[in-house]
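Asker: Residue numbers (numbering that gives the first Met the number 0), protein chains in the order written: chain A, 0 to 221; chain B, 0 to 110.
Honestly, I wouldn't trust all of these hints.
[Said to hold, decoys possible] Here are the simulated lysine-lysine pairs, DSS-like style, with alpha carbons at most 25 Å apart:
no. : chain 1 : residue 1 : chain 2 : residue 2
1   : A       : K129      : B       : K6
2   : B       : K6        : B       : K19
3   : B       : K19       : A       : K129
4   : B       : K19       : B       : K97
5   : B       : K97       : A       : K129
6   : B       : K6        : B       : K97
Source of the hints: derived by calculation from the structure; they are not laboratory data. Only a predicted model underlies this, so the values are computations on that prediction, with no experimental measurement involved.
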Amino acid sequence: MSLNARLLALLIGAGLPLASLAETPAPERDLNTIAIGMFLVFVMISLGITFWAARRTRSTSDFLAAGGRISGFQNGLAITGDWVSSAALMGIAALIYSTGFDGLIYSVVPFGAWPLMMFLMADRLRNLGKYTIADIVSVRFSRIPMRTLISLSSLVFVVGYLIVQMVGAGTLISNLFGIDYTAAQVIIGILVLRSSASRRSFTSTGRWTASTRAQSATIHRA
Amino acid sequence: MQHIYRKIQADPRFHELEHKRGRFGWTLAVIVLANCFWYMGATAFFPDLAFARFWGEPIAEGGSTTWGIVIGFVQTVVFILLVGLYIYRANTEFDTLKDAIVADARRAAGE
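The following block holds chain B by itself, in its conformation from the complex:
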């Protein structure tokens, strides 16, 4: 078993996979974090800014649902789409690469 691990560690494609997946994952994570901090930060600390005041406005005259709620739900949808994007790329690209690396390492280790 240890032998296979070493074979995988030595495979340049393994480091390529780690690098690609890490960069992709962190890019998406930064998008999510930026969205959260921008939205809640402006709501909590800068409610007087023009755009923050806009999402305090009700959608319809006299209604209680504000634009902020709409933006919040749009963000939720964006998060779901980002997860879908990640799953798509992981299932096609990353998993193919991973399976190839593991298969080669097994063969090299004689199992």
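Chain A with its partners taken away, still in its complex shape:
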């Protein structure tokens, strides 16, 4: 199966061919102390953000869209986190690997989606005073079916996205530490669960991708 076919399978959300890609055994190599050190520092920083955010989580509304009190700068950081994690770590690395350095040009056009959201949607949604897509749609439509539909579609979307992230992170860990792929997945799972202890930190670290994508671009304009 060619790499392009794998990428295609990845795009349509089928995780199985990708899992077989990750099952190729990691070559035995010496421990890369610099890489491991950087990895640990990064994990410490993101756990630190999580604890900091968890301390500030007081009410149930804080768990969704960070209580609606994200400043423009924080929101910019969340969007940057989204962009850097998904595009730079997963997409662009794979594109450059498979098509050469020119693969970088593919990263230009998705960037155009942000200005479009800004020009056409952001102002209206901001004036509406709502923070999530579910809230916005519920203004005009029947609440319960709309929220159910949006929740389900976000979950479906997130599952596809999660598979890619988990496979990427698992492969990274198993190569970095020279451990078994399954064990690496368990470690990643624990880390992700730990940092999602506070939903607020999802927005802080830009992990709650499917919904924040749309909502974070629209909350704050400036």
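Put chain B on the given structure of chain A with help from the hints.
Answerer: This is chain B only, laid out in the frame that chain A set:
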């Protein structure tokens, strides 16, 4: 609350705001879309055209960075400048107008 909404709907300045903001937003959106489709479309489907062949040329002899990458980054900068332009106009012109409309509607509704 419904009363204020009706007051706002009846305000001619509200329709002026909608019209201006819509036209401005769509103009910028069309610029962004045209840029994206022109650039990726030529790269993907017409790589033999003269200009498309030019951006396949490396910047420096034997280097791997092509002119296409440079054009791509210039586009990114252009997008950022367009967003800055929109924010500037929205923060000065549109927000002033919006605040005036809402304040008048509140006063008329007796709140």
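Asker: With a cut-off of 25 Å on the C-alpha distance, tell me whether K19 of chain B and K97 of chain B pass.
Answerer: holds (12 Å)
Asker: Next pair to validate is K129 of chain A with K6 of chain B; report whether the Cα-Cα distance is within 25 Å.
Answerer: With a Cα-Cα distance of about 21 Å, the restraint between K129 of chain A and K6 of chain B holds, given a limit of 25 Å.
Asker: Within 25 Å, alpha carbon to alpha carbon, are K19 of chain B and K129 of chain A?
Answerer: holds (23 Å)
Asker: Is it true that the CA of K6 of chain B sits at most 25 Å from the CA of K97 of chain B?
Answerer: holds (13 Å)
Asker: Does K129 of chain A lie within 25 Å of K97 of chain B when you go C-alpha to C-alpha?
Answerer: It holds: about 17 Å lies between the C-alpha atoms, which stays within 25 Å.
Asker: Does K19 of chain B lie within 25 Å of K6 of chain B when you go C-alpha to C-alpha?
Answerer: Status holds; Cα separation ~20 Å.
The structure is consistent with each of the numbered hints, conforming to all of them.
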